[in-house]
Amino acid sequence: MAKDWLKKASWLGLLCGALLGAASLEEIRIGDSQGDFGYPNPYQHYPRGPGYVRMSWVFDTLIWKDRSGFRGALAKEWRYDEKNRTFIFLLQPEAKWHDGHSVSAEDVAFTVDYFRRHPYFWVDVSAIERVEVKSPHEVHFHLLRPYSPFLSDIGGTMPILPKHIWAGVENPKTFLSKEAFIGSGPYRYVDFDKVKGSYLYEAFEGYYGGKPKAKRLLYVRSDKPLNALLAGQIHLAGIKPTMQEMIQKNPNLKIIEDEKGWTKKLMINHRRPLLNERSFRQALSYAIDREELIAKSQQGEAYLASLGLLSSDHAFFAPNLPAYAYNPQKAKEILASLGYQPNREGKMEKEGKPLKLQLLTSTITAGGQAGSDRDGEMIQKMLERIGITVELLALESTTLDLRVKNWEFDLAVSGHGGISGDAKILNEMISPNEGAGSVNSARFEGNARLNELLRLQIEEMNPSKRQELVQEIQQLHALELPAIPLYYPKSLTAFDTRLGVEWFYTPGGIAKGIPISQNKRALLP
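Residue 1 is where the sequence shown starts when you use UniProt numbering, and the numbers rise one by one after that.
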């Protein structure tokens with residue numbers, strides 16, 4: 001069956017114009033330019049947002065976000081007992097695993113214990129002291145300390161595992177039998193073709209949240225989403241701003257735009273000499289004309305990023321931060337203060353040694369998709385204008401991520417979402433502890449006050465006091481520049497309205513902040 005479904009998808013696409021009304025609940029096809037984001041279970045998906053979203057169709061969390069905020073998922077009710085530092089969840093008694101077993105509080109407690117023994121990149125359970133099973137459908141999370149991101153980062157992100165399956169799994173990273181994909185979500189996993197980058201899911205008829213709207217859900221790799229959308233071969237895809245005019249001419253297609261939830265940024269290896277100097281990182285920022293990047297690389301279809309990292313759409317956003325407006329002369333003056341002078345060719349050198357850096361770049365953009373920007377090439381030229389010799393190396397995004405994770409780089413053009421979600425994203429993208437293992441975290445150790453504020457802000461349960469801490473964090477990030485945020489690309493999705501599915505971007509992002517329009521709530525009653 002796994003061999004035939006892509007062929008079936010192709011001929012269905014050709015018949016789409018004539019049969020769409022009748023087939024609207026049979027199949028939905030999502031186009032994706034990258035394709036392969038790993039197998040859709042917690043330990044097999046690629047550690048970026050698209051991988052998590054593919055997993056989320058199969059595995060449910062306790063709560064979930066829709067357009068209005070948190071709503072019940074496996075938990076029908078929840079509350080926080082401030083006196084005892086305890087989150088209390090009452091579970092849906094109708095919830096079942098895809099193999100027919102009932103979901104219970106034991107599964108929830110087991111999941112936390114399993115993630116403690118086998119860490120899952122997306123969820124940090126270190127703030128949980130213990131999980132108490134009060135009854136088959138009531139579970140209490142007792143915290144070691146106050147933890148303000150709990151609902152977002154644990155309740156709304158932690159996929160619950162079936163204890164009767166995973167209790168016997170000693171190495172989750174090699175567990176790929178069919179049982180590895182038994183979840184409690186609205187769709188069952190059927191097939192993943194790694195080479196083609198395609199996924200097939202089927203609706204779980206026994207889903208506690210109601211019958212899913214489409215019987216089958218497919219992800220197909222699509223290098224030309226505009227043509228595929230217009231031909232009816234796919235029903236939803238991320239699009240470039242340059243495609244808007246053509247799509248708007250089609251009355252069956254609708255375009256939606258996300259908030260500023262994804263940032264392109266310049267990663268800096270501050271473990272290397274010179275790059276560990278705050279003033280040199282500031283010189284880099286003065287040397288990069290971010291407005292020119294937006295105008296030429298993004299054809300003007302992007303927004304200048306805050307150097308505090310958090311989205312300008314975030315409730316805790318700090319205004320009036322240092323912006324390091326383009327000033328190559330200032331950059332040269334800083335280099336001079338560090339002992340660098342131009343040689344006869346205009347190349348900066350110190351004691352006869354030229355200033356050389358390697359810049360890694362890939363085509364990654366919002367939603368984990370492939371873009372066609374020229375950021376790497378343009379940054380190379382900007383840095384060469386102030387006398388820095390730059391070797392540009394273009395890589396696949398997964399290769400670049402691995403090199404950044406392993407500190408095998410000088411500079412790297414990368415990016416990530418989460419910046420409009422809970423402010424814990426600052427910890428994950430800055431802290432050397434909470435960012436450990438991340439493919440896009442600065443893991444910065446150079447400012448003790450900054451790291452102390454990161455610790456304090458996730459323990460502050462008062463929103464106003466937490467906002468003050470978060471705004472000071474942004475001030476220090478803009479001062480230290482452990483990474484240089486460049487811009488927020490305009491994030492757009494187009495979808496076919498004839499299927500009766502109203503896709504949407506989730507305020508604050510899916511789970512802990514994923515800026516992708518494929519929220520599973522769109523396919524639920």
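These are calculated hints, taken from the structure and not from any lab test.
Do not take every clue at face value.
To be verified - Distance condition first, Cα-Cα at most 25 Å in a straight line; then the derived BS3-like pairs of lysine-lysine: (1) K194 <-> K211; (2) K332 <-> K254; (3) K178 <-> K215; (4) K163 <-> K134; (5) K211 <-> K178; (6) K134 <-> K96; (7) K490 <-> K240; (8) K296 <-> K224; (9) K76 <-> K196; (10) K178 <-> K196; (11) K211 <-> K76; (12) K224 <-> K211; (13) K224 <-> K178; (14) K381 <-> K330; (15) K240 <-> K215.
As the list claims (entries may be wrong) - What follows is a list of derived Cβ distance ranges for each label pair: (16) D191 <-> L25: 17 to 23 Å; (17) L144 <-> I255: 42 to 48 Å; (18) P507 <-> A448: 46 to 52 Å; (19) S337 <-> R116: 46 to 52 Å; (20) Y80 <-> D191: 39 to 45 Å; (21) G500 <-> P322: 26 to 32 Å; (22) L144 <-> R71: 26 to 32 Å; (23) N250 <-> E291: 32 to 38 Å; (24) R116 <-> D191: 27 to 33 Å; (25) R455 <-> L338: 30 to 36 Å.
As the structure is a prediction and not an experimental result, all values here were calculated from the model.
All C-beta atoms in this analysis are idealised placements derived from N, C-alpha and C, irrespective of residue type, glycine included.
Hinted pair, alpha-carbon criterion (25 Å max): K178, K196. Please report holds or violated. It holds: about 20 Å lies between the C-alpha atoms, which stays within 25 Å.
Does the hinted range 26 to 32 Å hold for G500 and P322 at CB? For G500 and P322 the Cβ distance comes to about 49 Å; the hint is violated.
For a C-alpha distance cap of 25 Å, please report whether K224 and K211 respect it. Roughly 32 Å between the alpha carbons, so the hint for K224 and K211 is violated.
With respect to the beta-carbon atoms only, verify the hint that S337 and R116 lie 46 to 52 Å apart. At 48 Å between Cβs, range holds.
Given the hint that K296 pairs with K224, test it: the Cα-Cα distance must not exceed 25 Å. holds (22 Å)
Would the pair K134 and K96 pass a check requiring their Cα atoms to be no farther apart than 25 Å? holds (19 Å)
Against the range 27 to 33 Å, how does the distance between the Cβ atoms of R116 and D191 compare: consistent or not? Between R116 and D191, where Cβ atoms are some 32 Å apart, the hint holds.
Starting from the hint 39 to 45 Å, judge whether the C-beta atoms of Y80 and D191 obey it. Between Y80 and D191, where Cβ atoms are some 41 Å apart, the hint holds.
Cβ separation of L144 and R71, checked against the hinted range 26 to 32 Å: Holds - the Cβ-Cβ distance for L144 and R71, about 28 Å, lies within 26 to 32 Å.
Distance restraint between K211 and K76, which requires alpha-carbon spacing of 25 Å or less: Given pair K211, K76 holds - Cα atoms ~17 Å apart, limit 25 Å.
Compare the distance between the alpha carbons of K163 and K134 with 25 Å, and conclude whether the hinted pair is satisfied. holds (17 Å)
Does K211 sit within 25 Å of K194, going by the straight-line distance between their CA atoms? Violated: K194 and K211 sit about 29 Å apart, past 25 Å.
The structure shown violates the earlier hints numbered 1, 2, 9, 12, 13, 15, 18 and 21.
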